[in-house]
Every structure is written in structure tokens, then in C-alpha cells.
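Visitor: Residue numbers (the numbering used here), protein chains in the order written: chain U, 36 to 559; chain A, 472 to 764; chain E, 8 to 326.
Heads up, some of the hints might be wrong.
[Said to hold, decoys possible] Calculated lysine-lysine pairs in the BS3-like style (CA-CA distance at most 25 Å, straight line):
#, chain 1, residue 1, chain 2, residue 2
1, U, K142, A, K476
2, U, K543, E, K130
3, E, K129, A, K576
4, A, K536, U, K99
5, E, K129, A, K476
6, A, K657, E, K317
7, E, K317, A, K751
8, U, K95, A, K609
9, A, K694, U, K253
10, E, K64, A, K751
11, A, K693, U, K119
12, E, K126, A, K573
13, A, K536, U, K108
14, A, K645, E, K34
15, E, K126, A, K576
16, A, K573, E, K317
17, A, K609, U, K99
18, A, K693, U, K99
19, A, K609, U, K108
20, E, K184, U, K142
21, U, K362, A, K536
22, U, K108, A, K693
23, U, K142, A, K657
24, A, K694, U, K108
25, E, K64, U, K170
26, U, K425, A, K536
27, U, K324, E, K184
28, E, K64, U, K550
29, E, K318, A, K573
30, A, K476, E, K126
31, A, K524, U, K362
[What the hints assert, rightly or not] Negatives, chain U to chain E, calculated, CB over 10 Å:
#, residue
32, T166
33, P233
34, H466
I should point out that these hints are in silico values taken from the structure, not numbers from a laboratory. Ideal Cβ placement from N, Cα and C applies to all residues, glycine included.
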Amino acid sequence: MKKVVKIISILLVLVLATAMFAACKSDTTKPSNQDDSNKQVAASPSAEPSPTGGIDISKKVNLKMYLVGNRPKELDMVMEEVNKILLKDLNATLEINIISWGDRMTKFPLLFAGGEPYDICFMANWNFFGTEAPKGAFYPLNDLLPKYAPITWKEMPEVAWKQASYNGKIYMIPHDQKGYATHGVLVRGDLRKKYNVPEIKTIEDFAVYLDAVKKNEKEIIPLNEKEGTNTMALHHYQQDWGYYLTADQGEITYDIKKGDKAFIDCFTPEYENFVKMMRDWYVKGYWSKSVLSNQVRARDAFKNGTSASCIVNLSDANKLYVDLKDKHPEWDIEFYDLEGNTAVELTPYIANGLAISRSCQYPERAVMVIEKLRTDETCYDLTMYGIQGKHYVLTPERKIALPEGVTPDTNGYKHADMSTYGWVVDKFKKHDAKSWNRILEIEKKFSAIAITSALSGFAVNSENISAELAAVNSAVKQYKVPLDFGVIDPAEGLPILREQLKKAGIEKVLEEINKQISEFRARQ
Amino acid sequence: MRQEKETIVFQIIGYTIISIISVGCLLPFVLLISASFTEEQSIYRYGYRIIPKVFSTEAYSIIFKAPQEIIRAYGVSTFITLVGTVVGLFVSAMTAYVLLRKDFKYRNNFAFFFYFTSLFHGGLIPTYILIVRYLNLKDSYLALILPPLLGSWNILLMRNFMRSVPETLAESAKIDGANDFYIFRKIYMPLSIPGLATVGLFIALMYWNDWYNAMLYIDSFKKYPLQYFLYNMLNSIRFAEIATSQSGIPFPDLPGESLKMAMAVVATGPIVFLYPYLQKYFIKGLTIGAVKG
Amino acid sequence: MLELAKTKKQTKLKKHNGLLKEISTNKILFLMLVPAFVYFIIFKYLPMVGVILAFKKYTYAGGIFGSPWSGFDNFRFLFISGIIYRITRNTVLYNLSFLSLGIILQVFCAVILSELSSKIFKKVTQSFMFLPYFVSFVLLSAFVYNVFNYEYGTMNSIIQSMGGEPVDIYSMPWVWKYILNVFYQWKNIGYGTVIFLAAITSIISEYYEAARIDGANIFQQIRLITIPLIVPTIVIVFLFNVGKILQGQFELFYQIVGNNGQLYEATDIIDTYVFRSLTRDFDIGMGTAVGFYQSLFGLLLILTVNYVVKKVQSEYALF
Numbered sequence: 036m037k038k039v040v041k042i043i044s045i046l047l048v049l050v051l052a053t054a055m056f057a058a059c060k061s062d063t064t065k066p067s068n069q070d071d072s073n074k075q076v077a078a079s080p081s082a083e084p085s086p087t088g089g090i091d092i093s094k095k096v097n098l099k100m101y102l103v104g105n106r107p108k109e110l111d112m113v114m115e116e117v118n119k120i121l122l123k124d125l126n127a128t129l130e131i132n133i134i135s136w137g138d139r140m141t142k143f144p145l146l147f148a149g150g151e152p153y154d155i156c157f158m159a160n161w162n163f164f165g166t167e168a169p170k171g172a173f174y175p176l177n178d179l180l181p182k183y184a185p186i187t188w189k190e191m192p193e194v195a196w197k198q199a200s201y202n203g204k205i206y207m208i209p210h211d212q213k214g215y216a217t218h219g220v221l222v223r224g225d226l227r228k229k230y231n232v233p234e235i236k237t238i239e240d241f242a243v244y245l246d247a248v249k250k251n252e253k254e255i256i257p258l259n260e261k262e263g264t265n266t267m268a269l270h271h272y273q274q275d276w277g278y279y280l281t282a283d284q285g286e287i288t289y290d291i292k293k294g295d296k297a298f299i300d301c302f303t304p305e306y307e308n309f310v311k312m313m314r315d316w317y318v319k320g321y322w323s324k325s326v327l328s329n330q331v332r333a334r335d336a337f338k339n340g341t342s343a344s345c346i347v348n349l350s351d352a353n354k355l356y357v358d359l360k361d362k363h364p365e366w367d368i369e370f371y372d373l374e375g376n377t378a379v380e381l382t383p384y385i386a387n388g389l390a391i392s393r394s395c396q397y398p399e400r401a402v403m404v405i406e407k408l409r410t411d412e413t414c415y416d417l418t419m420y421g422i423q424g425k426h427y428v429l430t431p432e433r434k435i436a437l438p439e440g441v442t443p444d445t446n447g448y449k450h451a452d453m454s455t456y457g458w459v460v461d462k463f464k465k466h467d468a469k470s471w472n473r474i475l476e477i478e479k480k481f482s483a484i485a486i487t488s489a490l491s492g493f494a495v496n497s498e499n500i501s502a503e504l505a506a507v508n509s510a511v512k513q514y515k516v517p518l519d520f521g522v523i524d525p526a527e528g529l530p531i532l533r534e535q536l537k538k539a540g541i542e543k544v545l546e547e548i549n550k551q552i553s554e555f556r557a558r559q
Numbered sequence: 472m473r474q475e476k477e478t479i480v481f482q483i484i485g486y487t488i489i490s491i492i493s494v495g496c497l498l499p500f501v502l503l504i505s506a507s508f509t510e511e512q513s514i515y516r517y518g519y520r521i522i523p524k525v526f527s528t529e530a531y532s533i534i535f536k537a538p539q540e541i542i543r544a545y546g547v548s549t550f551i552t553l554v555g556t557v558v559g560l561f562v563s564a565m566t567a568y569v570l571l572r573k574d575f576k577y578r579n580n581f582a583f584f585f586y587f588t589s590l591f592h593g594g595l596i597p598t599y600i601l602i603v604r605y606l607n608l609k610d611s612y613l614a615l616i617l618p619p620l621l622g623s624w625n626i627l628l629m630r631n632f633m634r635s636v637p638e639t640l641a642e643s644a645k646i647d648g649a650n651d652f653y654i655f656r657k658i659y660m661p662l663s664i665p666g667l668a669t670v671g672l673f674i675a676l677m678y679w680n681d682w683y684n685a686m687l688y689i690d691s692f693k694k695y696p697l698q699y700f701l702y703n704m705l706n707s708i709r710f711a712e713i714a715t716s717q718s719g720i721p722f723p724d725l726p727g728e729s730l731k732m733a734m735a736v737v738a739t740g741p742i743v744f745l746y747p748y749l750q751k752y753f754i755k756g757l758t759i760g761a762v763k764g
Numbered sequence: 008m009l010e011l012a013k014t015k016k017q018t019k020l021k022k023h024n025g026l027l028k029e030i031s032t033n034k035i036l037f038l039m040l041v042p043a044f045v046y047f048i049i050f051k052y053l054p055m056v057g058v059i060l061a062f063k064k065y066t067y068a069g070g071i072f073g074s075p076w077s078g079f080d081n082f083r084f085l086f087i088s089g090i091i092y093r094i095t096r097n098t099v100l101y102n103l104s105f106l107s108l109g110i111i112l113q114v115f116c117a118v119i120l121s122e123l124s125s126k127i128f129k130k131v132t133q134s135f136m137f138l139p140y141f142v143s144f145v146l147l148s149a150f151v152y153n154v155f156n157y158e159y160g161t162m163n164s165i166i167q168s169m170g171g172e173p174v175d176i177y178s179m180p181w182v183w184k185y186i187l188n189v190f191y192q193w194k195n196i197g198y199g200t201v202i203f204l205a206a207i208t209s210i211i212s213e214y215y216e217a218a219r220i221d222g223a224n225i226f227q228q229i230r231l232i233t234i235p236l237i238v239p240t241i242v243i244v245f246l247f248n249v250g251k252i253l254q255g256q257f258e259l260f261y262q263i264v265g266n267n268g269q270l271y272e273a274t275d276i277i278d279t280y281v282f283r284s285l286t287r288d289f290d291i292g293m294g295t296a297v298g299f300y301q302s303l304f305g306l307l308l309i310l311t312v313n314y315v316v317k318k319v320q321s322e323y324a325l326f
């Protein structure tokens, strides 16, 4: 035993010693401003008047950019073309690395914490912006934008810059797309019409459809869900409540019209009614009794014909339609939003964007390159859609279609395979020729009732409540999800849920969030 | 005659039980193969079956449409497995030998030194920083070979197997003037074949199945090992949900069930035959000649 | 006083002399140890420094060493709601049952396999037994759901065809400890059996010959020779895993059970709990804190058990 203690103490000394040693060597990420030698080399006398208007670009720079998604097969081919332009105009090249969806949660934190050099990365309010910006992961852009990205700076709505800031510093360049935070239901028109179910305007109408399917179709599950976020979404959007404030299950939410404070969904009477309804649906068998262990999402089941409906957002609906139109035209797919005519919240501009690393050596060049991608239509089209003629063709209506002989499977550069939506620019955006008119029509309807809630862009800083949040997260998954899917009888389950949430500290979380909200609103 | 009867009883029980267990082990693998040869739609409609309801080689044709990627990944995996196994096995065995020597006063201290590392870990971030920043191994094959190379389990297990070599052999060799390294190489290693085969097998399997190091450290897809391809395909769904549910972007396409299964079969590949090949070393009586001689 | 100091100094010198002397007498042995030693220092002990993050609030500006200390803050989330008792209990019980049943089953198979005569049978069945190792739990989960789901699952189809009522197994927590054990054993049986088989084949065959001459039948041979001689192997398998009693098995639980809140009471282990809590807001400090808890618990346990084993039979101990 003594020997062991001795060994442990020797080890501890060793470990501490190496720690000391490493500390001396350790590069806590230095702000790149320190490296002055590379900047502002005097322009050589023989320089032609540069398109950059006097900004020095004499040093060739290679920028590393990290995006999420799947690597397009012909990415190299496309980037070669892009870099030709970038090299000529900005003396810079862009190198894209892809982090796949499955690796996102591991690799992005590593990217920020591991101190590995990179320049630009895809950023979003759902992709670490809220948690990493306060930690100082990104380069502040306030001074760089007006000078190096003047057009973007001018054309981006003021509220977008506000959303992209933390403590007055801008840390991200958002896209300028108007998106609608809503989910609707996608149903089989053939089945609906077969069983004389009227068009769907509310959740209750949807239940009628589900019932018809359950009673008459033995092989198809009406709404073959798995545990996830979607049924809850319906509940929130119908109430005009914001969906995503903390954790996945929307248990802390806010009224999008008022946008004044947050409250706990689970303690409201609306939630009580909702779970009673869900219990009813479960008992009636609208989804599998084994729903909590199901691994296949409803939208995939829908595609495969094992679900009669699914709950999706607008772009998902569009995508499913495009995929299924040719495979199963007989299904007569229909989409219904359940928003009514009250209000729809615009998704924040920072739902997609780009951020620059705090240790980027050439932040000015990085900003210039981003500006180029966003303002030069050739660059934009290349990175968004690929090489014209090879990966896409433009129809006379300026819509995107596939060239002769190319199918979605063989296309070497599928649009949105990787997260190029980080720099979508409305005026350059081209719709897919096969886009579903139904969606476009709904979007038009929404644009009339869309609002930017006062809390748009607000992200919770979890520093002071991280322990409680973790406990709440866990309690929600254990006690709320079964209620949301009606697996537990709400008469028993709801009181338990409420008690467990209290035990986990949800009231402290709410207090802290509301405190941050009032600070956020004061800053507006 | 009595002896014979017991042996027969034993054999009957033995064959039966082992058969049942091995069929149970085989079953999911059969389902896997069968699903890889089944038409996508019929999996959704009829579930997984032992014999495909609707036969189709579609999944494989998709995979082998661009065979260069798969072949290259095979090459990467094979290279890493070979190098890692040979080096890892040798060093592990060598270390194990030192630890079993009763005349080595500090053997237990060092054993603890090694074992301690299987209890405490610094976590992903410090390891990542070490490999990427200080050792500069990002995107290199060494990042795939080095991190898993040695482990206390393999060392201690090897030590255990090597202990069955009689000490008298080492003693007599020492008297003859042999040094420790010689004793290790010429006496202990040849007599520890089952142990070497076992630990070698484990190391090889670990390298072949490893996708985690590739995910962390490899950027260029030319260096992707086989399992990483597979992992990518299977895991895309897990985390994209939270992200896309409220950002309005379309959900990425997922590979079908049949394709996933086919990928798994392809990724498992030849390693399945490694064990049957090594099986010949697991025969009793290998050490018979040693003591007599 | 002086005497005491002098003897202390002498003992210290002796100890140092002991190490130096040891190095010079066993030069080659030390040299043989160097590669592994250096490797472990670099790849295992250096990163271990990160353990201190369990007690710090990590910031990028600070890095590992500059970030401020935060005491036991990072451990709080384990103690809110009293979760820690449940997940520790589950983890320990599951790992113990996995380990013990595993050893029994694998030794059993190894012993049988070593005595069967047909080479082909042995080769084939052993290869089969290794196959589960290649079917990842991710894939397996698809099969499992196919079997267990209420509406269309194979299990319920069979039950119904025999006239019974379908079973909603996903809402029966008590059954899962058996199910999970079956899957664990299924996955590891090939691997574990090989270890014991290798140990058995290392037994000198003269022992068996002598026993046969003395008239021992096969059961007696197994009882008196085989088992006793593989006890060291059994012990190190057991000991090694005791230290890891709070770790591991995430994939098994996460994939087979899924995110099924109804079953958490019976199937939640530390790794799944932590995964659930930290997925959205990944916190380095809290993640490291849990790891520290798991490691410390295991360390204390193994020090105790190893000490006991050492007293009984010193060469069986791990260290």
C-alpha cells in the first residue's frame, strides 16, 4: 500500500511538472493583431489600381473554411473555378473542409477549443453561436465590416447585425434570408380524399385524418413518429409561442407577439390540454406504442410509405415533395400549415451565417472573401449551385434545373449538400424549378403576417445555470417526452413532471433567462 | 469404459451448447447480409428477414459505383492495421516480459503506472490539443497509428499469458550467458504463441474497427479508413435534428437501410477471416516440446 | 533527534541507491521498458493534465491553465435531483453482472471448446462467435426495434400467432436488465472466450497426461487442472474491469434502449445520463467532472480489491 501511495505521489509530481512545462509552451490563443509583420506591407510602386480600392493585398493568403454537411463529389472542381476569381481579385484562395452532420457536436467544439488554426467557419444560432461567442471564440467584426465588406454592411438589415452581436461586438455575418419558424403537416392526399377527410386547418382536423387512416389502413401507421421535436412544435406554433429558447423540448418558451418574458410551458393549462390530446392519440394508436424507442423519423417513414403523414418545416416539405413527386405521383402529397392567420415568427437572420476565428491571421482578407461570395454573382452561383452547364442550368425564368442526363444522385455538386446557406443572399437566390407552388403560396401568406419578435436573436448564456440546465435537460427527456407522446397518462405523469422539473431547478433557470431577456431588451 | 462414457456425455453437451450459442451469434450477421441484398422498399414493408423477400444488389452497385474510394479506404485500413499490430504487439510483449520478471524489483510499480492510465483520462480536448498542436499530427497516418498503439490491457494480458512459460528455462538460459532481450525473443516469444495470437488479434481488430481517430484527426478524404466511411453514413442523422428543426433549412438526405447494411458488410470485409486463420494457434499442446528439450 | 534524522537520511539514500542499483543490474530490462514508458508519458500522462478542467471554468482565453478555478461547481448537476445515486447504482450493477456472467459464460465455452474433437466444428463455431463483434450496436438497434416494436415486431407476431396478447416491452423496465445482459454477452462472447482459450492452450499437456494415467475422467481433469490453471487469467480479467466499473457500455444502452424515458429508472447509466444532459450545451468542465468521478471511484475500488487479492496470492494481483 505504501508503495502505491509513493507511486501515486511520484506520478502527481510528474503530471504537475509536465503541466508546468507545458504551460510555458502553451499557446493560449493570441489575438492575431500581435502579428504586425504581415500586415500592411507597403504597396509596391508597380501595383495596378486594384479592384480593392487601395487595400493592400500583396500577400497571397490561403483561407481555411469549415462547413457542415456532406462533401460534394466535385467540390475540388468547383473550388478551382472559385479560386481563380478569388486569386485574381483578392490574391487569396479558399480551402473548404467539411464536418459531417454526425461529427458536428464533437468536431466544432474541438475546433474552437483545440486551438487549431482555421479562418472561417459556418455559424448559426443553433450551431454554437450562443455558447461560443461569449467565450471569445470569434473575431470581432465591427471595424472590419464597413471597410472590407461595405455592400454587405449596408444591405444587411440592422436587426440582423444586432442578432449577430454579443456585448456590442459583432461576431458573425448572417445570411439575409427570411425564414419562417413554423412546422406544418404533410399528408397523403390520396388517402385523405379516399376517406372524405376535409382539408386540414387545425390540429383537430389533423386528428380526423389520422383517425381515418388508423381505421382503414392496416399497413400504414398514421403518424409514425419517433421521439424528437415535432409534435410539440405543432402545439407551440398554434399558440403563437416561440419554439426554441432552451433545450430541445421547448419547455421554456415565450409569446412571439409580446416577446416580453419567458415562461414554462409545462405549467400552463394549454400544455395540460395538449398532453391530454396526445394521450388520446396514443391510445387510439396514431403512432406506435413503441414510439419512444423508434429510431426512424416520420418524414423518412413517410417517404417509404410506412407513415401516412409527417410534421415538417417548409423547406423540408418542399424537399420531400420534390423527391416524391416523380416516385409516387399517385400519393398526391399535400401540405397544411396550422398557423391560422395570427402570427408567424421570422427565423432569426443568424439561423445561418459565417464567423471568423479569433485567431485568424488575416481577418481583413477573410471578410473580403466573404464579401466577394456575397456580392459577386459569379462566385455566388459557383459556390451555391456549381458549374453552370455541368451541375445546373438556368431556366428562362431564372430557376435552377438539372442539366440533360444528370439526376440528383449523379449530380457532383448538389446545392445545399454542404452548408453554403451560410451566405445566402436574397437578391441572388434562385429557386429550384421544381419548387412546390404550395410552399411558395404559403410563404406568401406568411410574409403578410410575419413578425420579428422582440426576442429574435436572443440566445441564452448558460454560464450561471449550466448545472441546472443539464438536470432540466435530463428531467425533460425522462418525464416530459413520454407525456408528449401520450405514453404516460397525464393524470399521473404531469404532476410528476412538474415536480421533477422543480427539483431540477427549472425555476432558477427561468429566473436567469428572464434576467438575461430584460438585459437583452434594454440593449435594443 | 467409464472414462469413455463421461467423455461422450461431455461431448454431447458441449456440441449442443456451442451450436446453440454460435447460431445465436450468427443470426444478426445473417440478417445484416440478407438486408444488404434486399430491395429497399421491402425492408420497410416486411422488415428484416433471414432470406431477402425481394432480392436486389442495388446497394452494392451504389457503393461500388465509385470503387476507387472504397479500395483506397481498404488500403488505408490495411496499412494501418498491419503496421500498428506488428509494432504494438512487439512492444506490448516486450513490456509484458519485463513486468513478469520476479527479479525486477519495480515490476508492480510499473504495472500500476500502466494500469492507472486505464482509469484516468484527461479527456478529449487535452488529447486533441496534444496531437494536433504539439505533435503536429493532424491529417497524418501517425495520428491513426499512434494513439491506440499501446494499452495497459494488452500489456497486462500479455504478461498473464507469458507467465505460463516455466521460469526454469529463463534461468538456465541466464546461466548460459544470455541477456534479457535474447531470452525474451528466443524463448518467451516462441513459447507464448497463443498469447501473441490473442493479443495480436485484439490489436488488429481494434485498428480495423477504429473510426474515432479518423473522425478527429483526418481531413483529407484520401486518408479515410474504411470504418470512417461507414460511420459517417450511419451517424449523420443523430444530430442534425436539433439543428434543422427550427432553422428552416432542408434536412439532409439519409442513406437507405439496405445501403447501410451493405456498407457494414463491405467495411467488415476480410477481417472476419483473420480469426479463423489464427485459430490454428489455439491448439493445446503447443508448449509440449519446450520443457522436455 | 539527530539519530532519527540520520537514519531517515540513510533510508532515503538506500532507496535511491536501490533504484540506481536496480537500473544497473537490470540494465537491459529497463531499456526494454523505455519505449512503452515514453509512449505512456506522452500519450497518456500528458493529456491527463486535462483532468484539472473538472475543477475549472473553461474559457478560450485561459486555455487549460489560465482558466479560473471553480471548485466543485462542475459536479453540481450530478447531485441535483439526486440522480447520482440512481445512475451509479445502475452502472455498478450492470457492469458487475456483465463481468461476472461474462466470465462464467466465456470460461464455460472455452473449456468446452478446448476439449471438443472436431477441428472443423471448432473453427466454424468460433468464427461465428466472433461475428457479433463486427455488428455495431448502431446497426443492431435497427434489428432490435424490428423485433420488439409493438405493432409489427417479430416477437409480438409470434406471440399473437400462438394466441397470446402482444407485449409492450418498451414499457416494462424490469425486463431490460435481462435483455441488456443478453446483448452484452452476445457481443463479447467471442472476444472473451478467446482469452480463456488461449490461457487453456498454454497449459502444459503433460499435466493432462499424468491425470489420465491416474484415471481421472474428463470432468475431473477440467475441475482439477484446467480451471485452477486459468484462475490467474480469470483474476486479471476481473480485476482489470473492476477499476472501470463506472465506465463504458454507452453504445449498448443508447442504441438498444434509445431515448426512452420510461425505461430510464432501470436502464440509465452514467454515460447515457451525461450524454443526455450535455448534448446541447456541451460543457467541457462538466464532462470532465463526470469522468473524474468515474475514474476516482474506480481507482478506490481497484486499490482495495487489488490489495485483498495481493494478500491472498500475491502474483495474481494486478500490481
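Visitor: Run every hint past the structure and note whether it holds.
Guide: Results of checking the hints against the structure:
no. : hint                 : verdict
1   : K142(U) with K476(A) : 62 Å, violated
2   : K543(U) with K130(E) : 62 Å, violated
3   : K129(E) with K576(A) : 42 Å, violated
4   : K536(A) with K99(U)  : 30 Å, violated
5   : K129(E) with K476(A) : 21 Å, holds
6   : K657(A) with K317(E) : 31 Å, violated
7   : K317(E) with K751(A) : 35 Å, violated
8   : K95(U) with K609(A)  : 23 Å, holds
9   : K694(A) with K253(U) : 48 Å, violated
10  : K64(E) with K751(A)  : 55 Å, violated
11  : K693(A) with K119(U) : 24 Å, holds
12  : K126(E) with K573(A) : 38 Å, violated
13  : K536(A) with K108(U) : 13 Å, holds
14  : K645(A) with K34(E)  : 14 Å, holds
15  : K126(E) with K576(A) : 44 Å, violated
16  : K573(A) with K317(E) : 15 Å, holds
17  : K609(A) with K99(U)  : 14 Å, holds
18  : K693(A) with K99(U)  : 18 Å, holds
19  : K609(A) with K108(U) : 23 Å, holds
20  : K184(E) with K142(U) : 34 Å, violated
21  : K362(U) with K536(A) : 22 Å, holds
22  : K108(U) with K693(A) : 13 Å, holds
23  : K142(U) with K657(A) : 46 Å, violated
24  : K694(A) with K108(U) : 16 Å, holds
25  : K64(E) with K170(U)  : 11 Å, holds
26  : K425(U) with K536(A) : 19 Å, holds
27  : K324(U) with K184(E) : 21 Å, holds
28  : K64(E) with K550(U)  : 22 Å, holds
29  : K318(E) with K573(A) : 17 Å, holds
30  : K476(A) with K126(E) : 21 Å, holds
31  : K524(A) with K362(U) : 21 Å, holds
32  : T166                 : 6 Å, violated
33  : P233                 : 27 Å, holds
34  : H466                 : 33 Å, holds
Hints 1, 2, 3, 4, 6, 7, 9, 10, 12, 15, 20, 23 and 32 from the earlier list are contradicted by this structure; the remaining hints agree with it.
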